[in-house]
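If you read the sequences in order, they're chains A and B. Taking my numbering, the leading residue of the first sequence gets 1, the next gets one more, and so forth. Taking my numbering, the leading residue of the second sequence gets 1, the next gets one more, and so forth.
None of these hints come from the bench; they were simulated from the model. All residues carry an ideal CB built from backbone N, CA and C; glycine is no exception. Check the hints yourself; a few may be wrong.
Covered stretches of chain A, going by a simulated chain B footprint (3 or more residues, C-beta under 8 angstroms) [stated by the list, open to error]: (1) 168–181; (2) 194–206; (3) 215–226; (4) 260–269; (5) 361–373.
Computed spacing ranges between beta-carbons, pair by pair [to be verified]: (6) 325(A) / 61(B): 52 to 62 angstroms; (7) 63(B) / 303(A): 53 to 63 angstroms; (8) 62(A) / 41(B): 45 to 55 angstroms; (9) 347(A) / 30(B): 17 to 27 angstroms; (10) 215(A) / 22(B): 55 to 65 angstroms; (11) 375(A) / 68(B): 54 to 64 angstroms; (12) 43(B) / 11(A): 23 to 33 angstroms; (13) 281(A) / 152(B): 25 to 35 angstroms; (14) 378(A) / 33(B): 14 to 24 angstroms; (15) 30(B) / 303(A): 26 to 36 angstroms; (16) 38(B) / 191(A): 18 to 28 angstroms; (17) 152(B) / 11(A): 32 to 42 angstroms.
Which stretches of chain A does chain B cover? Using the computed rule of at least three CB atoms under 8 angstroms from a CB of chain B, they are [said to hold, decoys possible]: (18) 84–97; (19) 287–300.
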Amino acid sequence: MSTLLARFDQWWTRPLPNAAGRYGLYRMVFALSYLWHVSEFDLRALFGAPSGPEPFLPFLQLLPASPSMGFLQGVDVLLVLSLFLLAAGIRVPLSTALVLVVGLIREALLSEYGVENGNLMPIVFIPLLALVAPGWGHTYSLDAWSAQRRGEAPVSPANDSWRYALTVRSVLILLAVLFPMAGWFKVTGDGTWLRYDDLLPMLLLRRSVDSVVMGWWANPLGPWLSAHASIGYWLQIGVVAFELSFVLLLAGTTARRMLFAALLVFHAVSALWVMVSFGGMLAAYALFVDWESLWQRVRGLAVADILRRPFVALGPHRCLAVVCIVAAVVTGTWHAGTRHAFTLGGLINWRTIWFVVTPVGLGAILVSLWRDLERRRFTSRESGRAVIADRVHQ
Amino acid sequence: MLTRPIRLSMSLTEGEPTVSSRSTLRVVQLVLGLLVAGLLFVGRSEHYFPITGWPLYESIRIARPDASVNATYLGVSLRDGGPRELPAQRLVEYSRAGLIQGTIDAATARQDSPARTAARQHLALLISLKLGTPTFDSIRVFQRVWTVDLERVPPVNIARPVMSVPVDQFAVPR
């Protein structure tokens, strides 16, 4: 038992390359992706809405039954402001707490019209874990910059301490629980996934029709699916097996990369042809990207230098003032139209985001898998040579 | 660069963790344990929001699409821009479209009631948020019907509805 616990602790306390830097940069990515998510729905649309199908959720009893327009606007504005502060790294623990609480209130108001469409991973789980596993404000933040100007010793972005890897490892475990749960429910529920052999083809056909009616694109595989509906049995078994296989996320880096590659394709297909959005999950997957290493590659470019220079010249205090002014302008004009900037005028929505993320993510994963393979080949070749040289020497 | 000190003592490559960093680890493990236990406990239930599992279409049963399909449309006459028509499902982001059907059902109820007036006001709000302008006086609700041919791509010729069925028309309550 003690050996098991020791191995468990060992898993948690392994160093992670660039842990401090990637966690700090992830904070910005998280805040920006959350801003995109918030920009997709104007909370004022709930003002005066009839009760949804789930008005009796206990959590909702804590909130006003018929929220006023001011309340709804206030929730959106406060959340946007908190996300701005978080992205810039101003009062990071406080802004993280605000993002958690205000985001949860916003999501609860929306949950009355469908809990299943919620995005609890980025809205609840990640900010909560970031609160208890602090450190995403230790690098690439105005807080850190100010502290450094006061003479405190800086944290190197290359710091590989496991303390900065607690959130990513926690989210890994959550994903390894949530996805298999979805598969398990499909197997143990009322059994439609295993009982009917045309479930997915019919869903795809229905969604293709719905999509066209809404002015979007049809599924080009529609006629083939219509003629080969019984293929659905294997598709359904494939989806269930895929979801159950997510326990393998904990098996190692190669398995994880392959699962994430398959996951990107799965989400893209879901968004494009099943009209199910997993956009909110992008914030969770972004935790597994080494943003520090990416930043080190681009920071030498002239563009990055030009972008960085004015901030460095201003210093932390003036930067703080500039960020506060920008945040005030954006939040003040959020409902007047600024929010559309985060979707590029509606161009990047819950569907089209996968056109960008899936090819880029797949490419990056395949390259890293290829490099791993090459490294292993090289290592085994070198060790083979060493054995031969040893024998010759003997 | 933008960095700050760690107050807890830790080496770069971490040998044996210090007491305080180990307590952070324990707190994270406890919170994660509670979340996982909560997820396993609530199972399929959505009652315990924000702790909810992922049923993800676990009990769907969908029949082959019918030979025809219909969709609710909304028509308004903008005071400064002429007539506009839009599918009701596109008033808000797609995953939140569950919000709309209840409003349309209540707004087109036959009997006059405060609930119907409130739903009509809400529908007007949704349209004005979508179009970015509140300058219209009445709303027309109608259904468009198309034939479906699953052997074709696209399965519906959106430009050629077979008919339009009026559902209701009303002035925006002030």
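Hints, verified against the model:
no.: 1; hint: 168–181; verdict: holds (count 7)
no.: 2; hint: 194–206; verdict: holds (count 7)
no.: 3; hint: 215–226; verdict: holds (count 8)
no.: 4; hint: 260–269; verdict: violated (count 0)
no.: 5; hint: 361–373; verdict: violated (count 0)
no.: 6; hint: 325(A) / 61(B): 52 to 62 angstroms; verdict: holds, 55 angstroms
no.: 7; hint: 63(B) / 303(A): 53 to 63 angstroms; verdict: holds, 54 angstroms
no.: 8; hint: 62(A) / 41(B): 45 to 55 angstroms; verdict: violated, 21 angstroms
no.: 9; hint: 347(A) / 30(B): 17 to 27 angstroms; verdict: violated, 43 angstroms
no.: 10; hint: 215(A) / 22(B): 55 to 65 angstroms; verdict: holds, 56 angstroms
no.: 11; hint: 375(A) / 68(B): 54 to 64 angstroms; verdict: holds, 59 angstroms
no.: 12; hint: 43(B) / 11(A): 23 to 33 angstroms; verdict: holds, 27 angstroms
no.: 13; hint: 281(A) / 152(B): 25 to 35 angstroms; verdict: holds, 34 angstroms
no.: 14; hint: 378(A) / 33(B): 14 to 24 angstroms; verdict: violated, 41 angstroms
no.: 15; hint: 30(B) / 303(A): 26 to 36 angstroms; verdict: violated, 44 angstroms
no.: 16; hint: 38(B) / 191(A): 18 to 28 angstroms; verdict: holds, 26 angstroms
no.: 17; hint: 152(B) / 11(A): 32 to 42 angstroms; verdict: violated, 54 angstroms
no.: 18; hint: 84–97; verdict: violated (count 1)
no.: 19; hint: 287–300; verdict: violated (count 0)
In summary, the structure is inconsistent with hints 4, 5, 8, 9, 14, 15, 17, 18, 19 from the numbered list given earlier, while agreeing with the others.
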